[in-house]
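Novice: Work the whole structure out from these sequences, hints included.
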Amino acid sequence: MPNKNLYSSYYTKSEYITKYMVKKLDFTENHLVLEPSAGDGVFIDALLRKHPNTNITAYDLNPKAVNVMSDKYRSFENVNVIESDTLLDTDLDMKVFMGGFYDRIIGNPPYGAWQDYEKRANLKNLYPGFYVKETYTLFLLRCISLLKENGKLTFIIPDTFMNLHMHNNLREYLLLNTKIHEILMIPSKFFPGVNFGYSNLTIITVEKVTEESNLSNVIRIISGLKKVTDIEDITNNERLEKYKIINISQKEVYESIDMAFLIRADNKTRNLINNPQLTLEDLAYCVTGIYTGNNKAYFKALNSEVRNPTKCNIVDKNLIEYDFLQYNNLLNGIKSEKHFIPVTKGNADMYSRKNEWYIDWGEEAVHHYKTDKKARFQNSKYYFKKGIAVPMVKSSKVKANLINNQVFDQSVVGIFPKEEKYLYYLLALLNSDEVNTIIQTINHTANNSANYLKKIPIVLPDSEKDFNHVLDLVKQMINNIKQTNTINTEIQTEINQIFKNLYESAESPAEILS
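Taking my numbering, the leading residue of the sequence shown gets 1205, the next gets one more, and so forth.
Be aware that one or more of the hints could be misleading.
Within a straight-line C-alpha distance of at most 30 Å, the following computed DSS-like cross-link-like pairs (lysine-lysine) qualify [as the list claims (entries may be wrong)]:
no.	residue 1	residue 2
1	K1430	K1448
2	K1268	K1299
3	K1686	K1704
4	K1254	K1223
Worth flagging that the hints you see were computed from the coordinates, not collected in a lab.
Specialist: What follows is the structure, encoded as structure tokens:
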């Protein structure tokens, strides 16, 4: 994740990226070009190589970067370097009021740059309804408003704009005010010096069009690039069979759930997600658990073999209360020397888990969780209930395991069926390959929050016999794990096939079993 400093600048040093973007810009010497976060001028250099007399305006907030560019382009009368905040500059405000000024805009806007609270409040007023903590979204909005009608923009931005809830309004704005010509999806490692853990990058190219006809536009989305030199194939329109190319109508994205780009599944799966008759939210509560405010002080690991990035201490086994359910008023804590109890934390086991973590549940500790400003005693009515844990940080394969009447922390999403009979069925479903594809489609980033899991479409068997067969398979799986500490691959293969058949044959999800 990028450092949240004042500028969060990541300069573009890849000639493959630069060449691709300059070509997508499709500009001439007669065009007015804006670089809104120019850095050290890599894009400007490339623009001048192609058309030396192009009129270019370069903005940057960083005075050091401005000094470098001012010296660099001192002899170019057609390059105007300005030290100012693109998001707040009053001259740019006037150009927005004029209905746009620039023919072309190219850039690599800052990601997650720190905004002081006064500026953040100002940005909220200027961009109501948009997520102002993420600077790239504001640069995108600002620069589209600075384009003339039919002007073009190409930007490097994180791929989080394609699915995340916080960017719903941004997607709506893009879909209604631009034609999105192409989205090139690239690993963040292609970008020298950057390797985000939470997302990858895209290069998005749009044309400003404020007519309803833009919904008939077809968006080309390209992915599957393995090395940075692959971008040259895309630039030259060669060897495209090596890559995954999806053509999807802008209208289809606009009509999708949350206007999200559901591109990691086939048409049938996308249709199930967009038009569900039954979702996980219908069958279960999906909630986030406790945050102590100081995990190092209140969590203890079972032993030194437990993965322990926070470097918590090892629990004193004499202080563990295994029979904690005997106590009344557990939400007020345990008044006993034995006041450490098992807690469900974000490990990625399937079906069943070992108790590797313990939380201080003494009265004093619980009082802290309830009153400390940093702590969150959230969704406490689900503590000590039977449920399912899905780790908040996603791996390539989503895995779910049982919460056995324990407290669960915020590193997992707790899923609590509204009827107990669905517990094992949902546990099987959430460990299936079919639903893994659906989850990755709904949100392809590393975050697995409750809001995304709620959207999973649920398909139930037509018969109670088939439903109960799934429950029996889960029971067999859990018993096998207890005995051998391994997943029974034959049982898992059968579970995967059951859900594959159910979802492939579903014209519409079955009704809830009575």
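Novice: Hint by hint, say whether it matches the structure.
Specialist: Structure-based check of all given hints:
Proximity of K1430 to K1448 is assessed by CA-CA distance (about 11 Å); at most 30 Å being required, the pair is judged to hold. Between K1268 and K1299 the CA atoms are separated by roughly 26 Å; this keeps the pair inside 30 Å, and the hint holds. Among the hinted pairs, K1686 with K1704 is consistent with the structure: their alpha-carbon atoms are about 27 Å apart, no more than 30 Å. Between K1254 and K1223 the CA atoms are separated by roughly 10 Å; this keeps the pair inside 30 Å, and the hint holds.
In the structure shown, no violation is registered for any of the earlier numbered hints.
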